[in-house]
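> Given next are the chains, with one letter for each unit.
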Amino acid sequence: MTSVLTIILQRLGLGLVTLFVVSIVIFTAVNLLPGDFAEAILGQGATPEAVASIRRDLGLDQSPIVRYFQWLGNMVTGDLGTSFAQLNFQTNLGGGDLVGVAEQIAPRFANTMFLAGVTAAIAVPFAVGLGILAALFRNSAFDRATNITTLSSISSPEFFLAYILILFLAVLNPVLPSLSNIFQGMSFGERLEKTLLPALTLTLVVTAHMMRMTRAAIINLLASPYIEMARLKGISPMRVIVRHALPNALAPIINVIALNLAYLITGVVVVEVVFVYPGIGQLFVDSVKIRDIPVVQACCLIFAAAYILLNLTADILSILSNPRLRHPK
Amino acid sequence: MSGFLTLVVVLGLIAAGGWLFRLIGQKATNNKPFFRDMSYAVAFGYVLAAAVLVFAIWYYFQPVANEQGVANAGVIFFRWAVQGLIFFAILAWLFRLLGRTVGTAWSKKQFRSMPLTAAFGILMILVYAFLAIFAGVLAPYGQEEIFQQVNALPGGNAATGGNPDHLLGTDQIGRDLLSRLIYGAQNTVGIAFATTLLAFFLGGSLGFLAATMRGWFDQFLSRGVDVLMAIPSLIFALLLMTIAQVWAPRTGIPLTVFMVVIIAVIDSTRVFRLARAVGMNIVVMDYIEAAKLRGEGLSYLIFKEILPNATAPLLAEFGLRFCFVFLTIASLSFLGVGIQPPLADWGTMVRDLAQFINFAAFSPLTAALPLMAAGAIALLTVAVNFVVDWMLHRSSGLKE
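These protein sequences, in sequence, are chains A and B.
With the numbering used here applied, the first sequence covers 10 to 338.
With the numbering used here applied, the second sequence covers 1234 to 1633.
Isolated chain B (complex conformation) (with noise of 0.2 Å):
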């Protein structure tokens, strides 16, 4: 309760710094337009995010461990997750500096407008490629390789339960979780990525079929669409997972490769909307009208009339189709019934680590394991979301 009342305390305190701060700047600028026309709101704005950031300053210099030694957890978490963000932003800002002076004109152009979270995004989903396709070169281990030492703690220091050749530490059965979480990189993300490839195979030929050819065909499909998209995605996907794990053993086939046919087919009904409803609008156009009456065939009309128009909006559907199988996957994965052992997988790892989070105030590092996993998830996607929101923006021009 007493920390509920401080709270009132110095948001009262707050709210008149910004009454007083409008008042003294008013008084000591003599009436400038910026202080005469300031709304109350804007000043109470200023002198809370000023209010914020010298309580952050304090926190960050706040020692990491009392008197008797043990760890201020919240204070050591605060500084990784401020260094993280400095780090990452000047990494972007470099980033973005190198492609507006390195490559063809073109490039450069593009380097040149674009906001730091979208040179962000670009850079961590190439960081992201690099790691998932040079996995096996980067982990120090195999990612099924079980050692000794089991639950080794991260951190590599023998003398508080870790060893030096794990940096990370080991999991329940001795497997060495950074190679894990590199492994992770290229299962995760990769059976991510054919799984949207397959959905937007599937819904958008079938998309711009519909839309070429209308009639029965069409209407078919889309009243299909209508009552696969009525049920919610993750649910359904939950249901076809239940009737594959029978299937799967009996056949032989890995339960995997049924959740990328399951969660491609569950996308592919959002895909194949967009791609009809875009080809709608091309197939109306009278350059198909003239490919028509030259006499082309359906495969010629679709693949080099329709499809070449269709582009941009469906790299930015691809974008955004990835975070949300990547999020699916992620979530079954999570949930138990995803992307299988012995493969090394993000969600996974969070659901088999996240007890750990309770050592916190212990053993910062440790707890932190389950939030590596989970975050490398929502870095991704955030990359990914950052980048498709500079392009919707660039290509819907700008509004106010």
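Pulled out of the complex, with its shape left as it was, chain A reads as follows (with noise of 0.2 Å):
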């Protein structure tokens, strides 16, 4: 049992270093910018008083080393900064409460962790439901259809597969809405009619991944001696399958999940963009293309760790659930 905690322990200690390097990387890619912030944030109008003004504001004049365990120790701590459009808004023309970045990122952070839910929900039992069915009915007919349909889904960018659904279940069926405009105060039923079809387009980009490992995980425990054991016994092929080969090839298709899971991070910017759905990744793009560096550094950081804590699980689950691996030679 002890054993099982170090490891544990050690994973969660490695995958803490690596979210410290990657935040060095971050600051450190934000920091090659040319010039500074202080020219960014004020764009066309940027006079020397004003310049030095925002160097002092945001500790600009400081050496990149003590900045960054400042910015660190900010996030850290919730404190996200402030974006630049809202600074801009505010030395351009005055007034104004100042919204942070935490409190701008917070809504659109739960409204996207209700998307990947949704998506996890519908997308996983279905993806496990057919790779068993798939297992079960190996070089079928029925095999090959999936296994064209699913090889043609992950290859598909995003975007045509969202389109392919607007055009079908919003504009020429009406049945869902193709704008997810959600605000605060929806009720639980509406947000989920918005959210299904954004839901529905990563249910395709990620359950063909899923599918086509757990069909292979199984398959590749049917040649083991004792499914041989078990078909002679003549139990049924589905009950061989459910009852003895799913069990252990739940190790790889938990790990799968998990890293599909965290596949989805980068898949819901495009969705996210496609549906107009008010969640990070849209935030994250939008800063993007306006520059607006504290929102984009945050939101980096925040998919940077929700992608090292999923790869992160998968691997500590993926250890949990093979003995083997848990003492390794």
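Do not rely on the hints blindly, as some may be mistaken.
Okay, derived cross-link-like pairs now, DMTMM-like style, lysine to aspartate or glutamate, Cα gap no bigger than 20 Å in a straight line [unchecked claim]: (1) A/Lys-298 x B/Asp-1585; (2) B/Lys-1537 x B/Glu-1522; (3) A/Lys-242 x B/Asp-1270; (4) B/Lys-1537 x B/Asp-1519.
Simulated from the structure, these hints should not be mistaken for lab results.
Every value quoted in this text rests on a predicted model; they were computed, and no experiment measured them.
Hints given; two lone chains; assemble the complex.
Written as structure tokens, this is what we have:
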């Protein structure tokens, strides 16, 4: 038991170190920018006095190392800074309350998590079920058809699938709304309805990979002697797969599910833009376009953290479910 | 709600039909093993497939327009899809037939064992390569040429707002869409190909070097790659593109060049991992030991000893990597930070034409415009994936 705990703690520590290094990479990348933030904030109307005052306010006159640790400290305590768009608005027009990046991101982050949650709730059972069926009827017409369909949907860009779904489910047969304008105070049902089309798109993207891995994991096991034994006992093929093969194939399946949820993070950006879904991905793309560095930095760090966390979960789960990995030689 | 109810009823009928089908089969054939041992799931599958087929045929022959002359867009799209599928299947079959009869003994043998999907993939890759190379000759106009009539509808019928000179119409500033679609093959595919080559050059050479040298050099590169891979690639690309947007006007280098380098570096990390892993397995072989004892230099070891033995996995990886790079570039362009105008490019075209999709009920051809650009991207990646899938399947031997 203690060995499992140490392994998990080790992995968590490794994840934290990775996150720390990633934050350095992000910070350095942003600091490669020519000129500095002050000019970027003020844009065209940069006077020397204004530049100097903003430099002082943001602490840009300090050394990069000091700035990095200040930035990291702020990040850890939840202060993600203020977006340039907001600062620019205030310095040029005056007045108005500043909304910090943290307050900007928080509701959008919740929306994105909701979208990811709905997607996972649809995709995981669907993919595993389809994978089991494909393994059960391997090399049949059904298996080949699913193979071709999933291969096609893996290789299509997200926006292609999104527009196809919009065409058929929103324009030609208006069953679902094609714009996901979600606001506070919506009932759960309304939210779900608006989220369904983006979630279906992401499901198409993610299912294919999960289903193929489930199929491969089960088929790999079917050659083992104990499956042969179960078959010779006269158990039905479905029972062989569900009772005998599936529990042993669970480790790679769980692993691939976690990895695909990590992949969702990337997919979410494009899909949110297509459906104008008010999530963190859309905020990220908008900020990239107007070069709003604090927001880009914060979003990037959040995406990376989620990605690392999910990969870590996959790692830990596969160690937990496979005793052989617990005692490496 | 009634639609949902209909669905439940239809599924219930199919479920009953499956049971009935098996029962009738057992009775009619006097318990032949095929029907006797049929599980219920298989019977259900047969009836479901039959029901879908019947519905598809029925739907295909629905009228394309109702009595008032309003187009029934769903049927039109469905017909296009079915016709496209049949057309491509026949084309792939003919291509495979051609490959089996014409060519060297080696190529004939390859085509003989090839599934239809792989033949389709190879054919599509050839078509795209042809379009990309000869875009300047094939396209009726230049990609930056601007015409009088803006927003001409596709179809070339002047009565419905089209223009016979522009088969697919013109965009919002009057550029011929057919020409831009064809030039898109040159720009999007060409840039993606160049990026993949660069990524392979970087990742492959560093990976083999790390596998041969080991020690601190290997440790340093591997840990660096680990960190870079901890950031999701599209997110990292977007972050770096933000910075490149500021650099590009200052240095005078086009943003597209920055994009190629950024994506190549990000993707080279994946190539590095594979090249290092493959190289590690080769480096421990006896013939490498012999070459080392002969006193061969590092470059000889890498290019003459390791590289020839690593081509098969690297080639498959090249196909997959190309798909990823191609999709990343298309996504970036779609988001507005990729290939920059005036270069014609499919991702940007999808974004610019996307709102036309709402006109599907009135003018299906107009609504198909954004789908054509997006479909052009999808078709190539699907084709490459089919070929890679076949190659991997063949090299791994026939598994159950």
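> It remains to establish, for every hint, whether it holds in the given structure.
How the hints compare with the structure:
Proposed proximity of A/Lys-298 and B/Asp-1585 is supported: the alpha carbons are some 16 Å apart, at most 20 Å. About 14 Å separates the Cα atoms of B/Lys-1537 and B/Glu-1522, which keeps this hinted pair within 20 Å; it holds. With a C-alpha separation of about 16 Å, the suggested pair A/Lys-242 and B/Asp-1270 falls inside the 20 Å cut-off, and the hint holds. Of the pairs offered as hints, the one joining B/Lys-1537 and B/Asp-1519 holds, with about 15 Å between alpha carbons and a cut-off of 20 Å not exceeded.
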